[in-house]
Structure formats: C-alpha cells, structure tokens
Amino acid sequence: MSKTYDDAGSRRSPKFTPATKMGLSITLAVSLFGISFGALAVASGLSFWQTVALSALMFTGGSQFAFIGVLASGGAPAAAVAGATLVGVRNSVYAVQLKALLNPRGWKKYTAAQVTIDESMAVATAQEAPAEQHRGFWVTGIGVYIGWNLATIFGALLGDYITEPEALGLDGAVVAVFLALLWPRLRSREPWALAVLVALVTVLAVPAVPPGIPIVLAAAVAVGWGVISQGRERSRSPEGGAV
Amino acid sequence: MSLWTWVLLACAAAYATKLIGYLVPGRWLDHPLVTRISGTVTVALLAALVAMNTFSGDGGISFDARLGALAAAAIALMLRAPFIVVVIAGAAAAAGLRLLGLP
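Chains as they are written, first to last, in this note's numbering: chain A, 57 to 299; chain B, 227 to 329.
Errors might be hidden in some of the hints.
Pair ranges (Cβ atoms, derived) [as the list claims (entries may be wrong)]:
(1) A:I198 <-> B:A242: 14 to 24 Å
(2) B:D256 <-> A:W105: 36 to 46 Å
(3) A:A276 <-> B:D256: 16 to 26 Å
(4) A:V252 <-> B:V260: 37 to 47 Å
(5) A:G101 <-> B:L325: 45 to 55 Å
(6) B:P258 <-> A:A187: 19 to 29 Å
(7) B:W254 <-> A:G101: 21 to 31 Å
Quick caveat, the hints were computed from the structure, so don't treat them as lab data.
The beta carbon of each residue, even a glycine, is placed where N, CA and C say it ideally should be.
Excised from the complex, chain A in its bound form (with noise of 0.2 Å):
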C-alpha cells in the first residue's frame, strides 16, 4: 500500500500517502480533546469568545489548560499567563527541529510557527522522505488547527453536557500516536537506550517540575547524548546514519 508512494507522487494527487494518513487520524483523535477543552475553558469563567480566541490564537493543548487551570482553581491571571507560557517552551525546541527539517520560508515561516505543536512535530521528524516531512507537517499542523478550534467551539456552546473524552479511550490514543512514531527509530540499540533514559527522565521530572518542562529536559539529555556520541564515533569507523 505505501511502496510506490514516492514516485507515483509527481503522477497522482499525493493526498493519502502515510505521512497525510497518519496526519488525518491523528486530528481526528486529538481534535475531540478540543471538546473538552472548551467545555472547561466556559466552566473556568472564560467568555465564549475568549475561550475561541485561545484556541484560535495560542493554540497548544498543553499550554491552554494550564491557563484554564490556573484560573479555575482561583489563581491570578498573571500566573496563569505564566504557567502557559512555561508549558509551551518545548516549542521553542520543536521549531528549531523544523526549522533545520523543513526551513519554511517568508509567510511560510509565520505560519509553521502558529501549527508549531506536539503532534506536528511529531509526525514530520518521523517521515525519512523531504517531501513527505513536509506533508506530515503541514497536514498535521491545519489539520489539528482546524479540528482543534471547531472542537472548541462546541465544547464551550454545549459544556456541560460534554463527556469525558477519556471514556472513548481518547487518552489511550494518544498515548499509541506517539509510541507509533517512535518505533520506527529504535532499529538499533543506541535508540532503544536513549528512549529508555529518556522515557525514565521524563517520569522522574514530571513530579518535579512545572508540566512541559519535563519534554526541554529530554531534549537537553538528547543534546548531551548526540555530543557524547558523535565524539566517540570520530575515532571509530563511521556508521552511517544519524539515530
């Protein structure tokens, strides 16, 4: 099903090749989150508007219910200001990703910077193809942007009536998205290692510190790891390939 998707790609529409597949399920699944998200955002004490006006603008899962969060338990505005803020530093390291990746270019780049998110990030560093790490991007990004901000939309109208979406196991498949982006990295043991510690950081960090920091860390222990390596690589044959 996916062997020929590359050169059939300059012939036929490339609107179902794995990176758009993979793209669309995954705004599916993530896109019901919004769902709860607006039902929430109204029950904090946000406006209508000012609950679209987030998902619209600042758009990042984790960064949003930080915000409503603080807010619902009483918290100042400013914190919860601050608390998004903090949760959306991983993005800062997504964008560097993307930009060494995908190099968007003029408009281009101001608008990777708006999809800039867990998911899009995701599915476009685990493409090998150029052509197809764009598609995964780009599909990924509109697709949750879209899905996203309609989902919040009848969050915030119906609220309450709202159920939970960890009821359809919507939790769960996020949990399988990520883990199905993974697996094709860890072909050898230096992955699978890497995975393991930074799997083990990120549990050990989350109790730790502030949410989304614990992703920076993972990054940080990533960086180290790549310096460590590629020292020791220098003086031995090299191998070809990165992770």
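Starting from the known structure of chain A, fit chain B onto it as the hints suggest.
For chain B alone, coordinates are given in the frame of chain A:
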C-alpha cells in the same frame, strides 16, 4: 487589567516561543554535529511524549488505563499493524480497561 488583556498576552507569548525557534540563523544548523543531535533529539522528544502521555496525572505520576493503551499499541506495532490500527488499539485498550473499572 481585564481578563481579555491576559488572554491576549498569553497568546502572544505562546506565539513568540514558537516563532523564536524559526529565527535561529540557518548557519547554526549546518554543522554535522547539529544533524547528529537533531536525530537524538527527535528520538528523545518522541520518547518523552510517550512517557508524559502515559504517566503524567494531576500534578504527579499516575498509573492507569493508559498503561494498557501503551502495551496494546506496542503489541500492535510488533505485529506490524498499520498506523491507524495501532491508534485504535490504544484507544480500545484504554476504554476497555475503564469499562472494567480501572482509573
């Protein structure tokens, strides 16, 4: 300040943190070490997202139905299932375990 001001301020900060990564000079990214690190960072970010989404609960670690989702997804991947099947396996495992009474 009105709540609107804070909302817009938070949105501006979120956009700035995203944009800043794209404004890193391209020259910095040409070095071979950066290619190497970009590979390790990708694995690390994905592994961290798996761990976060499996274990992070209200202000700490929690062990719940999402562990079942992780296991189901891993089995599906070992059986070389297509992406969408893996995702559905994860959702079905979490939903099923919750029906059985797990948190």
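Hint check:
no., hint, verdict
1, A:I198 <-> B:A242: 14 to 24 Å, "holds (21 Å)"
2, B:D256 <-> A:W105: 36 to 46 Å, "holds (45 Å)"
3, A:A276 <-> B:D256: 16 to 26 Å, "holds (22 Å)"
4, A:V252 <-> B:V260: 37 to 47 Å, "violated (24 Å)"
5, A:G101 <-> B:L325: 45 to 55 Å, "violated (33 Å)"
6, B:P258 <-> A:A187: 19 to 29 Å, "holds (24 Å)"
7, B:W254 <-> A:G101: 21 to 31 Å, "violated (43 Å)"
Of the numbered hints listed earlier, those contradicted by the structure are 4, 5 and 7.
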